[in-house]
Structures are given as C-alpha cells and as structure tokens.
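Trainee: Chain by chain, the residues run as shown.
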Amino acid sequence: MLTNKAWSPYAAGIVIGLLQIPAFLLIETALGASTSYVTVGGIIASWIDRSIHVTATSRNWWQVALVVGIAIGAFISMRLSGARRRPISPIWRRALGSSSPARRCVVAFVGGFIMLFGARIADGCTSGHGLSGVAQLAVGSTVAVVAMFAGGIATAMLVLRRI
Amino acid sequence: MSLAFAVGLGIAMGIVFGFALEKSRVFEPGMIVGQMQLRNFIMLKVFLTAVATGAIALAVLNGLGYVKLQPRAAAWAANAVGGLLLGAGISLTGACPGTTLAQIGAGYRDAWFTLIGGLLGAVTFLYAQPAINKTFLGQSGSSLVFTDLVGVPYWIGALVLAAVCIVILVVLERWSPWRNDMGNDVDGDLPAKISK
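Top line first, the protein sequences correspond to chains W and V. Per our numbering, residue 2 is the first one in the first sequence, and the count goes up by one each step. Per our numbering, residue 451 is the first one in the second sequence, and the count goes up by one each step.
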C-alpha cells in the first residue's frame, strides 16, 4: 500500500481529515498552512527591516513544522512508489501554450504571490478555511471557500488554456 | 506546550499529511487546474472526504466536551475578496499554500518559485495590512457558526454536513470514477478532451 503510486481520493481524504484530531487535542488549533508563510516570511523580512516584528508562538512553529513535514512526507511517498516527477508538470505546456520553463516559473511566482496575499486577506487558505472552517460550520469560511472556487474556476477558464 | 513538542508533532503530522497528498495525487498541477476547468474531480473528492471526516471527528470530540471549536471570525468582504485572489493564485500555481510543499517534496522545480512568490506575498501583506484594515476589507465581525444561527448543537450540524458530503461523493464517483481522472503518469495529464 505504501508503494502504490495512487490511493483513492477517499482513503487519502480520510487520513487528512483524521489529522484534525491531534491538531485539536494536542495543539488546540485546526489544520492550516498559510500562516506559516507569514511566520517564515516575516522572520526573514525582520533580518532586513528592523521595523518588522513577528511574534511566533509554539503554535506558529507547529504550523511551520507541519508544512516542512508535508514536503518530507511527499518525498518519502514518491521514493517508495517511484512516481518521480519531471521538473515541470507536462500539463503546463498546454495550459500556458508554451514549453518555456522561464515562462512557467514567472507564472508560478506571480501566482504564489497572489495566492498568499489573497489567503492573508481572507485569513486562511484551502486548509484553514476549507478543510477546517467548513468542517466547523463557520459561515465566513464557507464564503471564503465559495469565493476561492469562483476565483479559481474563472482564472483557469479565462486565463489558462484548456488542459 | 513546549516548542520542541509542537515542532516534533508538527513534523510528524506533516509527514502523514504530505504522504496522503502525494498518494491522492491532489498535489499535481494537472489535478488542480483540471478541477478548476471542471474536467477532473480528484481535488473536490479529497476535499469533501477530508471535510466529512474532520466534521465527524469534531462532532464526537466537541459533542463529548473534549475540545473547543475555533471558528474564525466572519469578515464578508475580506473572505470574498481574499478568497477570489486565493483561487486565482491556486489556478496559476496549480497548487495551494500547503500542496506547494508537497510539490517541492515530490520533485517539481517550479514549485520553488511558487514558494518564494508566496513568502513575498505574505510579507507584502504584512506591510499592507495597516492600510488594508482602514478599507472595507478591514471590517471583521464575530465568528458565526451555521448551527448557532439555526439553534441546534454543533455535533448535529456536523453530522448533517458529513452526510451531505458523502451523498455528493457517491453521486460524483458514479458520474466520474476516480481512476479515470489519474491520467498518463498519475499526474492528471488526460488525453485531449474526451466527451463524457
């Protein structure tokens, strides 16, 4: 099972959903990812600009560790199954209408900027508002998730080419 | 809670999270862009399954009084505008803030640019926050929860939500089986438009 290249989305989704149990019981918070960008980005910025003060709590560091762990877990899973990836997914050639790696990296950079800027305005991302907020029946999180899919669909349909 | 415990637990939970993201293939740009172009439903399936599982777990934990819920404050304009931008970024990166790290772990090099762009976006927000808070985007309300509005206990609402998710998933799977969405190399790279 650990060496399979793919699990059903249901098996994987159950594993992810169960992670709320240690998050709530042991850290007293819900799963989330985007605050870690503020923690890490803010600390790096404070080295350059002394006026920036980021107070990182144990809970903030838990989330940074969580996203670092995500990279480690994905790496282990990929090595066990042998599902090695090319440097850039083949879908981008069609989605961007270009096979230029430079073009893809610029789009990724700009997209990453918009993604985190938006997530911080909304006070959460796919994990914090999506997985955790919706499961907690939070009204604001539901609004954020509907807007996220609306913005994602509009961009994928109007800006990207069909893959 | 000690820092060492928080970091150790975070890494351990992250490894499980990253493992599940990689196995489900939902971290693939082909799955994310495919979902947003409505021709691939892996993302929605993983998402709804995780929401249903989390809701059931929280219904039990909260219903028995073991945990307090932590719903975020509802801020209509910020949730809507931020959500739209977040979604646009998700389509352009083919990732979300968490799965960007899964892409890096699995070997996608362009994800490093997503990460750097994301860090810069988060820092830019830190600088812009005082100005943003003075606009309509700075108005935050209290944390509204659907079950409080209706006047029933959370656990009942959470179980109803889980049931709704499961019904949607059953219908979705019948209409579009997950194996058909895997693509060439479990990357969501599907052959040119097939008619369903």
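Hints are computed from structural coordinates only; laboratory data are not their basis. Ideal placement from N, C-alpha and C gives every residue a C-beta, glycine not left out. One thing to keep in mind: the hints can contain errors.
To be verified - Just a few of them, taken from the derived set where beta-carbon distance is under 8 Å, the chain V residues facing chain W: (1) I465; (2) V483; (3) Q487; (4) F497; (5) V501; (6) T503; (7) G539; (8) D560; (9) T564; (10) L569; (11) A572; (12) A581; (13) T585; (14) W605.
Trainee: A separate judgement is required for each hint: does it hold in the structure or not?
Mentor: Here is what the structure says about each hint:
Hint status for V/I465: holds, given a least beta-carbon distance of 4 Å to chain W, under 8 Å. Annotation: V/V483 was flagged as interfacial toward chain W, and the flag holds, the nearest CB pair being 6 Å apart, inside 8 Å. With a cut of 8 Å, the hint placing V/Q487 at the interface with chain W holds, because the nearest CB-to-CB distance is about 5 Å. Here the hint on V/F497 is kept, as its CB sits about 6 Å from the closest CB of chain W, short of 8 Å.
With 8 Å as the threshold, the beta carbon of V/V501 comes within range of chain W, its nearest partner Cβ sitting at about 5 Å, so the hint holds. Annotation: interface hint on V/T503 holds; nearest CB of chain W at approximately 3 Å, less than 8 Å. Annotation: interface hint on V/G539 holds; nearest CB of chain W at approximately 3 Å, less than 8 Å. Evaluation of the V/D560 hint against chain W yields a held restraint, the C-beta minimum of about 5 Å falling below 8 Å.
The criterion of a C-beta within 8 Å of any C-beta in chain W is met by V/T564, whose closest approach is roughly 4 Å, and the hint holds. For V/L569, the shortest C-beta to C-beta distance to chain W is roughly 4 Å, which falls under 8 Å, so the interface hint holds. With a least beta-carbon distance of about 4 Å to chain W, the hint placing V/A572 at the interface is held under the 8 Å criterion. The criterion of a C-beta within 8 Å of any C-beta in chain W is not met by V/A581, whose closest approach is roughly 12 Å, and the hint is violated.
Because the closest C-beta pair between V/T585 and chain W is about 10 Å apart, greater than 8 Å, the hint is violated. With 8 Å as the threshold, the beta carbon of V/W605 stays out of range of chain W, its nearest partner Cβ sitting at about 10 Å, so the hint is violated.
The structure is inconsistent with the numbered hints 12, 13 and 14, although it conforms to all the rest.
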